[in-house]
Structures are given as structure tokens and as C-alpha cells.
Amino acid sequence: MSFAESARPAGQAGGFHRIVFTGKASEYFGIWIVNVLLTIVTLGIYSAWAKVRRNRYFFGNTVLLGRSFEYHAKGLQILIGRLIVLGGFVVLNIIAALVPILVLLPTLVVLIALPWLVAKGLRFSARVTSYRNVRFDFVGGAGGAFKAFILGSLLAVITIGILTPLASRWVARYVGSNLRYGGKAFETDPKLGPLYKSWLLSFLIALVGLGIIALLVLMNLSLILPMIETPGLLTPEQQIPLIFSAVIGYIVLFATFGIAGLFYKAGVRNVTWSATTFDGQHQLMSDVSRTRYTWIAISNVIVTILTLGLMRPWAAVRMARYTWEHTGITFTGDVGELFNRIEAQGSAVGSEFMDFEGFDFGF
Amino acid sequence: MKGSILASDNAAIAAGEWHPAGSSRSVEARLIERAGEIAAVPVGGEKPLAGAGLSWVEISGRVGSIPRRVTFPDGSIFETWDNDGVDRYLAMRGKGGAGLVHWLEQFRLRLIVIVLLAFVLGGAVYRWGVPLLVEVAIATTPPIVPQLMAKGTLEALDQTTFSPTKLPDDRRKDIADGFARIAAQSPRGAGAYTLNFRDGGLIGPNAFALPDGTLVITDQLVTMAGGDTEMVVGVLAHEIGHVELEHSLRQFYRAAGMTGLIMLIAGDVGSAVEDVLVQGGGLLALSYSRSAEAEADRRSVELMAKAGYDPTAIARFFALLEEKLGDKSNTNILSTHPGTPQRKKDIIDYSRIISGQSDPDLQ
Numbered sequence: 001m002s003f004a005e006s007a008r009p010a011g012q013a014g015g016f017h018r019i020v021f022t023g024k025a026s027e028y029f030g031i032w033i034v035n036v037l038l039t040i041v042t043l044g045i046y047s048a049w050a051k052v053r054r055n056r057y058f059f060g061n062t063v064l065l066g067r068s069f070e071y072h073a074k075g076l077q078i079l080i081g082r083l084i085v086l087g088g089f090v091v092l093n094i095i096a097a098l099v100p101i102l103v104l105l106p107t108l109v110v111l112i113a114l115p116w117l118v119a120k121g122l123r124f125s126a127r128v129t130s131y132r133n134v135r136f137d138f139v140g141g142a143g144g145a146f147k148a149f150i151l152g153s154l155l156a157v158i159t160i161g162i163l164t165p166l167a168s169r170w171v172a173r174y175v176g177s178n179l180r181y182g183g184k185a186f187e188t189d190p191k192l193g194p195l196y197k198s199w200l201l202s203f204l205i206a207l208v209g210l211g212i213i214a215l216l217v218l219m220n221l222s223l224i225l226p227m228i229e230t231p232g233l234l235t236p237e238q239q240i241p242l243i244f245s246a247v248i249g250y251i252v253l254f255a256t257f258g259i260a261g262l263f264y265k266a267g268v269r270n271v272t273w274s275a276t277t278f279d280g281q282h283q284l285m286s287d288v289s290r291t292r293y294t295w296i297a298i299s300n301v302i303v304t305i306l307t308l309g310l311m312r313p314w315a316a317v318r319m320a321r322y323t324w325e326h327t328g329i330t331f332t333g334d335v336g337e338l339f340n341r342i343e344a345q346g347s348a349v350g351s352e353f354m355d356f357e358g359f360d361f362g363f
Numbered sequence: 001m002k003g004s005i006l007a008s009d010n011a012a013i014a015a016g017e018w019h020p021a022g023s024s025r026s027v028e029a030r031l032i033e034r035a036g037e038i039a040a041v042p043v044g045g046e047k048p049l050a051g052a053g054l055s056w057v058e059i060s061g062r063v064g065s066i067p068r069r070v071t072f073p074d075g076s077i078f079e080t081w082d083n084d085g086v087d088r089y090l091a092m093r094g095k096g097g098a099g100l101v102h103w104l105e106q107f108r109l110r111l112i113v114i115v116l117l118a119f120v121l122g123g124a125v126y127r128w129g130v131p132l133l134v135e136v137a138i139a140t141t142p143p144i145v146p147q148l149m150a151k152g153t154l155e156a157l158d159q160t161t162f163s164p165t166k167l168p169d170d171r172r173k174d175i176a177d178g179f180a181r182i183a184a185q186s187p188r189g190a191g192a193y194t195l196n197f198r199d200g201g202l203i204g205p206n207a208f209a210l211p212d213g214t215l216v217i218t219d220q221l222v223t224m225a226g227g228d229t230e231m232v233v234g235v236l237a238h239e240i241g242h243v244e245l246e247h248s249l250r251q252f253y254r255a256a257g258m259t260g261l262i263m264l265i266a267g268d269v270g271s272a273v274e275d276v277l278v279q280g281g282g283l284l285a286l287s288y289s290r291s292a293e294a295e296a297d298r299r300s301v302e303l304m305a306k307a308g309y310d311p312t313a314i315a316r317f318f319a320l321l322e323e324k325l326g327d328k329s330n331t332n333i334l335s336t337h338p339g340t341p342q343r344k345k346d347i348i349d350y351s352r353i354i355s356g357q358s359d360p361d362l363q
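In the order they appear, the protein sequences are chains A and B.
So the first sequence is residues 1 to 363, counted in the working numbering.
So the second sequence is residues 1 to 363, counted in the working numbering.
Hints were generated in silico from the structure; no laboratory data involved.
The model shown is predicted, which means the values in this text are computed figures rather than measured ones.
Treat the hints loosely; a few may be bogus.
Claimed, not checked - Derived list of chain A stretches under chain B, where covered just means 3 residues or more per stretch with a C-beta under 8 Å from a C-beta of chain B:
| hint | region |
| --- | --- |
| 1 | 60-73 |
| 2 | 195-202 |
| 3 | 297-310 |
Claimed, not checked - DEER-style ranges, computed between Cβ atoms:
| hint | chain 1 | residue 1 | chain 2 | residue 2 | range |
| --- | --- | --- | --- | --- | --- |
| 4 | B | LYS324 | A | TYR196 | 51 to 57 Å |
| 5 | A | TYR196 | B | TRP103 | 41 to 47 Å |
| 6 | B | THR160 | A | LEU154 | 26 to 32 Å |
| 7 | B | ASP199 | A | TRP295 | 57 to 63 Å |
Ideal placement from N, C-alpha and C gives every residue a C-beta, glycine not left out.
Let the hints inform the model, and build the full structure from the sequences given.
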């Protein structure tokens, strides 16, 4: 055909390319506030369409090699998915409320259904995402999701966090290695060594937090002990420092575990992305600074709360810009050549209309 | 036809890239209107890559300035960053340009109106919308639901904690007679309530009401009251108040409504702010619990007065609590019940008001 010769993405040799994020806080502000307003006016129904506009904006401003990602889900599709999940949940809870013997039924069913819902949610998210007119796909099943998300979290909790890196590795392998683009596979295998290196710092931060709380308890021990022995003995005046300490302890717990979690999240992101290849030869990369990432996340929350939510669009754009601009991919060989060969493969096309969202998992 | 007058041959709409169906291969192209059809033409060529009448192509809605996609009936797509070009064309063809939602979203001064509307309506939904939905839910809940809930709860407690009452028959009869006197004053009538005596076991001195009007009082509470039947009746009147005002259903629906609200805006506020909202919601739920207790206290005063008892009998119960359990705690934002000294004072004040004396606080 006549266009065969000109068919090549403009000016893109192989080598390393960073993702560029082109979203602007002022532009997103309008989209965001209209989303919020219409969600309120429709008592929540519009939130499905709001999600579509939000994701279209963020995906559409995430640009690799001059071309953006695209989000294709439809509002109605998301609404139906949510209604199915919500309906099931309400029915389960009604049964549990009416028959107290079955009080654990919802928990049980959710635990059994969760891996399936997670796998379905990941597949949905992948299939409604495209780059250069080709959809992503996700081929992971419920078994893998059970191991990665339920078994992994369980192990992490039982071992008071010591096995968290193992859980992170399982999640990364499950999500990363089941991802497909145009029938070609992504492959992820983060090593435990770097994951533990990143985990250690977070573990120490969490220990510091627990240390502060232990100190608070120690300082108030003279008040706490009699309270346990004979409840109600304390006068209101004596209770005030106790309540004050409890509030401080709560904030310390929230803050240190939050910081530890953010540090860890950024570290895992770097390790995971940098251990991912596409089609066995193109290397992905992430180089976010853990300190900077944590600072952005925390200052975002503070600014958002102080401005009664009005700076949330700025915060969201700021975070997206930072993370995406510290993400890239090294292409082996000619990029134009590569994308000339990629074609959508069967199942990922169109079948997302029969999918429902299940659980929300953004990429 | 309007189109044929406006469109000169090959009216250019926008420049971008064209993809064959399902392929990442792209061709640099122009979108043009030619002879009433919209077509993608390669740069430097004339032979269209794809084309169709405007009503046969799908043009994605505008979100910010992310690329627009034009999908042709053959599945091929044309993608362009030139949103204004596409909008100009759509407006010219009477298709409304970028649409109403995008018009609202633009970062103009009029956004202030939308911000104010969002705050006012959000406040209104919280202040009136959720309570209204709670009332609707309560009104449409069939009576069988609270009955089943109560039956199940009592059965579960009987199996796990309670054992049959060990109170002497005449003591129970005294209390049951007093209970019948106040139950008759309730608008639901004496038949709406059943009084059960149980040995409280681990629960100790307590009395509670289930939503269908089943009341339970433990032997330990009756014993603690000594010979003061009137005081026990005052406590039961408080429980009747909970049933009349449907506090348990109301709290359940309110919690569900607030959780739903937070979840719906979750995507738009970020997960950290969502956590903060959930914590805040928990504190609010405690404040509702405190106001429900105060309402039930006032109802006790009213019922006791109507039945010819001492309206402040329940205050004697609180005095007893203070004495026996040393409960002198003040109200704080973390408690489910108001502080005992405060409750005693409120009860005495309220009984003065309903007995025609003026409010002592105003003297």
C-alpha cells in the first residue's frame, strides 16, 4: 500500500526514553470540581463517569515517545460493575445481620471471592488501557491473585512485617509477568536482596514510632496502672493528660507508619519497574527518590486538608508528574520497527464489554 | 445540505496520526472533510486511508487537552492533539463543539460558582440528604427485619453469655408491673414491648433494648439497685426510648450512608484524605451515639412523669453507678456515652422543664 513507506513513528531511535507527564493542575481542577459537583448532585451515580474522565485525563497526559496512553472504560460499564459488587455485599451483610450465627459469612465469602475479583479487576484495567491503538491485556488467574495478595499479606502480618518483601515480590511477579501488550509479554522478577534493602529503612522508621509510643506509655504509667486495677478511679483532671497522650500516640502511629509505608512503596516501585522487561529485551526503569516521594505524598495530604480539598487536583497532578517523569524504558533496536510489528491480539479486543470492573486497580 | 455549502473541497480539520485497525503502526496524516465525508489522508498523499460520513465515525469526547481519537467504521483510528481544530469542526457541523461538561470544566472565573455550589450541595447532602435517606430506609424496612435481628441476637447471647434469671418471683413481678405502667405510656402501647430477665454472666449489671421492642435486664443490675424498683423502671424507660426512637437501625443506616459517601468521592480525594475522612466519620458516629443516649434519658424522664413516677429516678441510677463503679469520667470526643455527672445534671434539669419550672440554667 502507498502508506507503507511513511509508516514509522516520527524521530524515535532506540535507546532510553523517559515518560513525560503533560497534565496541568489548573486544567485538572476544572475536571475535578465538576466531577465532585455532579457526583453530589446525582447522589453518587455520576462517580462512575467521573472516574472515566479522571482516568482519561491522567492516562491521556502520560506520554511516551510523543504518544499518550488511553483509557477506554465507559461510565455505564463501571456503574454496572460497582452495582454487582455492592449488591453482593449488601445481600451478604443482610444475611449476616438476620442470622447472627452466620456473622462471619461476609468475611468468608469476600476472602474466597477476593482473588477472583482482583484478577478480574486487573484484567479490566489492562484491557481498557491502550498505547498506540493497541490494548494491554492481563492473563493472571484467581490462584495467582490468592498467593500474591491474600497469602502474601497474611505472611507479612503474621511475621510482623518481616516477610513483607516476599509478599511484594509475589505481587510484582503476579501483576508484572501476567501483563501483555499486543500479545507480547512483560516479565518481572525483582530480587529479594534489593527489596530487603529498601524494607530495612522503613522497618527502622516504624520501630522509632513504636519507641515513641512506648515512651508515652512509660511516662503515664503512674496513671495507667491504677486505671486498669480499679476503673473509674481517675478524676477528670487526671484524665486530661492521659487523653492528650493517647491522641499524640495515635498521631505518632499514623505518621511514622505512614512515612515507613511511603518510603517502602517508593523503594518497591524502583526495584520492581527496574526488574521488568517487555518482550524479553526492552528494559523498564524507575528512579524515584524515596525521600522526595514521601515528602510529596505527605505535603500533598497536608495542603489538601488545609485547603478543604481545593488543592487536591494540584496534589494529584504533582504526584503523577513526579512518578511518571522518573519512569522510563530502554528500547533495543529501532522503535519505529518495533511498533510497526505490534498488533492487537484476539481476546483483549472488545471483550472488555463483557467484563465488569470487579475491584478497582489502577495501573 | 448545510455541509456542502460550508465545506470547500478538502477542508482541513486537524493534523495527527492514523492507525490501521488494531495496529500500533502509524501513518502521519491529516483529517479532512471531503464531499460530506470525514477522511484521514496521509501527509503528502491524496488517497484516503479511511473515510465515512460524520454520523458513522465516533469522535471521543474532550477531556482537558488530551489527544482526541476519531474511530472509523473499519476500526482504524485517527489521533490528534489538535482539540480546537476538532471542536471547531464539530461546532460548525452543529454537533455542539466540545460539549457542556468540558465547557463547565474550563479554568475560568465561573468555576468559582461551581466550587461554591459543590460546597453548598455537599454540605446539604451531609446535613439533610443522608438523614433523609436514613429516614426513608427506616420507613421502608419491613418490621420482620428488626424482629429477625432481635431474635438472632438474643439467641446468640443466650447460648454464649446469659443464663436463666435467679431473681425471686416477687421481685420480678414488682419490676414487670412497673414496666407495664410505663410501657402503656409509650405511643406503641404496652404490647410492643417484652421484658426479659437474664443472669448477665460476663456482661454484669446492664439493660438493653433490641430494635423490635425486646428488652433485657440482668440480675446483676436489679441486685445493684437494691430495693429501688422505681429506679430500675427508670432504666427500662430509657431503653423504651431507644426502641421508640429506633436508634439501633438509625445508627446502622447512618454509618452505611457515611461510608458510602466517602467511598464514592474516594477516587477524587486520594487514599490518605479518605483515611482521614473515615477516622473523622468514626468520631462523628460516637457523637451520634452520645446524643442518642441523651435522647433516651429525656424520654425516660417523660415516660416516668406520665406514669406518675419520680421522673428523675434514672438519675439515682447514675448516682449509684458513680458510687459503685467510681464512674466520674467526663464526656470526651472518644466516648460512646455522655459522662455520668453530666447525664445526671441534664436529667434533673429536663425534669424541671417538663414539670413546668423554668430551665435552671436560664435563671
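To see whether the hints hold, each was checked on the structure:
1. Counting residues of the region 60-73 of chain A whose beta carbon lies closer than 8 Å to any beta carbon of chain B gives 5, which meets the minimum of three for the stated coverage.
2. Beta-carbon proximity to chain B at under 8 Å applies to 0 residues in the region 195-202 of chain A; the threshold of 3 is not reached and the given coverage is violated.
3. For a cut-off of 8 Å, the count of residues in the region 297-310 of chain A with a CB near a CB of chain B stands at 8, and the three-residue condition holds.
4. The hint said 51 to 57 Å for the Cβ distance between LYS324 (chain B) and TYR196 (chain A), and at roughly 56 Å that hint holds.
5. Look at TYR196 (chain A) against TRP103 (chain B): about 53 Å separates their beta carbons, and that is not inside 41 to 47 Å.
6. The hint said 26 to 32 Å for the Cβ distance between THR160 (chain B) and LEU154 (chain A), and at roughly 28 Å that hint holds.
7. Taking 57 to 63 Å as the suggested C-beta distance range, the pair ASP199 (chain B) and TRP295 (chain A) conforms, at roughly 59 Å.
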